[in-house]
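Peer 1: Sequence:
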Amino acid sequence: MPELPEVETTLRGIEPYISGHRVVQLRVKQSALRWPVTDGLDSIVNGQLVHAITRRAKYLILHLDQGSILIHLGMSGSLRITDGSQVWRKHDHIQMQMSSGFALRYHDPRRFGCWLWSTHEHSQLSKLGPEPLSDEFDGDLLYRLSRNRKTAVKPFIMNSATVVGVGNIYAAESLFRSGIRPDRIASKISIKRYQLLAKNIKSILSDAINQGGTTLRDFVNSDGEPGYFQQSLDVYGRGGQPCKVCNRNLKEIRLGQRSSVFCINCQR
DNA sequence: ACACTAACCTGCAAGC
DNA sequence: TGCTTGCAGGTTAGTG
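Its first residue numbered 4, the first sequence is counted upward by one per residue in the numbering used here.
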């Protein structure tokens, strides 16, 4: 589920219940995630105040008195707020009980996410490119970084060293809206087209964040998964179906082991 | 430095 | 009905 808009929406949903409150208890039922949950995390964080929650790329960072917890939702993770007394569902792996009476529950069937403690900057964050919604990210940057790159443009924009937060869904959608084939070689795209692409990445991501906000009101004791696909997708998941613009059937290929759907007529 | 693959893990849908 | 196969929103470790 989690692309950047979902992570941002999760941050906004949980923030009021966690930030400014103290950790009373942390329970880890399953520590085998992408990396093992930091050993002894319970005793480390117990009693510490959560000062703030921030997001970097698709990571959430809980800032505590002595350090921070780096959380990633992987492919299937989710966070929700409970009153701390709810039964543990299958794949509920971690619960952080706060002094407020609310608790943060981490659910992740595929266990590709992480919960890591560090007293310094987390190493996972050290080589990340700019945030897509920041001024630092623009078409000029894409053009500059793409010189001499022989990779296809889709994996190029999904590479977190280029720009963070562009996952498979939004990569496909922003390339469609920009009229660029996903398999076009990155170095062969003009600066003008990269400017259009950067603009579309920004608008698609911020639209999705705004939509996520409307579908995620019920972060407390909610059973449903965070609303995700409310928006209409033009190409993602629509291989073989007609293009919404020209009606030709959309083509599906694989790039870097990821399915990539596009219109051979609208995207060049 | 770059490009590409395999790997982590479970659930689900499609095909036989 | 049941088994097998392939694929799924992400990221990194390893290979050439």
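Just so you know, these hints were derived from the structure itself, not from any lab.
Just so you know, not all the hints are guaranteed correct.
Straight-line C-alpha distance at most 30 Å; calculated BS3-like pairs for lysine-lysine [claimed, not checked]:
no.	residue 1	residue 2
1	K191	K205
2	K130	K153
3	K153	K205
4	K153	K195
5	K191	K247
6	K130	K202
7	K205	K247
8	K195	K205
9	K153	K93
10	K130	K93
11	K202	K191
12	K191	K254
13	K202	K247
14	K153	K191
15	K247	K195
16	K130	K205
17	K254	K195
18	K202	K153
Peer 1: Let me make sure I understand: some of the numbered hints might not hold for this structure. Which ones are they, in numerical order?
Peer 2: 9 and 10
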